[in-house]
Amino acid sequence: PETIEYGISSFVFRARLPFHPERLHTALSMHPRKGALGSLLRVKGFVWLAPWGSRQGIAALAGTQFTLKPGSPWAASSNRRTELVCIGRGLDHAAALSALTACLLTEPELAAGAASWSQLWDPFFEVWAAEQRSGVTWVLVLHKNETVPMKVAGGVLERAGFGASVVQPLLTAVYTSGQGNVAHGAEADMLVLASLFAAVGMKAVVKQGSAPQVQHYEGPDGQERTRVEYPDGKVQHYEGPKGRERKVFVKFPDGQVQHYAGPKGEERIVRIVGPEKEVECYEGLAPDERKVRTEYPDGRVEHYEGPDNQERKIRVEYADEKKEHLEGPKGEERVVRTEHPDGRVENFETSPC
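No gaps in the numbering here: position 351 of the sequence shown is 351 in full-length UniProt numbering, and each next residue is one more.
Since the hints were made in silico from the structure, they are not lab data.
Treat each hint with caution, since some may be false.
Below 20 Å or equal to it, Euclidean Cα-Cα: the simulated EDC-like pairs (lysine to aspartate or glutamate) are [as the list claims (entries may be wrong)]: (1) Lys277 x Glu317; (2) Lys44 x Glu83; (3) Lys322 x Glu333; (4) Lys277 x Asp298; (5) Lys34 x Glu22.
Go ahead and model the full structure; you've got the sequences and the hints to work with.
Here's what the structure looks like:
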């Protein structure tokens, strides 16, 4: 047979543990590939990549070109696995199997959990996302629904293959401004995603897209991203080295500026400065940040209590030291006591049930 004559052989690599994205990229995308993997001619199959907990990775290697792109969602978490058909010339099966096994997560990395995996540098997703942006023709505009928690909306995006570090900033913008573009791509893909949002009660509109965002870099060989400019005028600013960039603030066309704190993938809103220079202060971890205080240019300060999207105003402090105390649910707060600078206190009766 020709396979014997030319030294062609094959094996199937199977694993129930996820791949580390950077190690897999180094092993199969580098030119030339090192060791036994340098003898591979073709690779085809599906993989479980650590940051892609909800979606398969479709792998293909032909000659020197290796690609890994998001595929269909896993039917269930128990189905997550890797199965790759590997074909090569003069292939040392044992050495190649060992090299691929070395690309899987180690025991300490497994123990760190999925939240940690989502923060791993993922060169495969970066390449795929760049391709999507360069050929964008349709966008999905998601509208906020007060009755749908951000975690539920995040679950939809994660099932579609979006990593946690991507989901949080997208939905923060939607839940802050009321709507926003959350995905770009082919019309059919956007319609499928819109149907997933509709199933949880959220309105999503698919429309023709505009020019892709522009990313700016600084540092050696352009390895540090400093800001991303969007067609609608929004600008996101980052700090940190490539793969660990963290969002520090976002400027909107209307003058609003959102400030963030925390490492990549865990950025949380800490302050929003409005167009009129009012300042909203937030506490808590993403995506459940809650507003605790609003400071106005005239010296007025409003204090709030309650979880995200249910914050109720409990106290207002004025520049002249007057204080108003309020009770009632969000949107229905009423003044029950006023403390005046001269020491007078006014109490107001609440309406009977």
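How the hints compare with the structure:
1. Restraint check for lysine 277 and glutamate 317: the C-alpha separation of about 18 Å stays at or below 20 Å, so the hint holds.
2. For the proposed pair lysine 44 and glutamate 83, the alpha carbon gap of about 9 Å is at most 20 Å, so the pair holds.
3. Note on lysine 322 and glutamate 333: the hinted pairing holds, with a Cα-Cα distance of about 18 Å set against a maximum of 20 Å.
4. A threshold of 20 Å between alpha carbons decides the hint, and for lysine 277 with aspartate 298 the separation of about 10 Å falls inside it, so the pair holds.
5. Note on lysine 34 and glutamate 22: the hinted pairing holds, with a Cα-Cα distance of about 15 Å set against a maximum of 20 Å.
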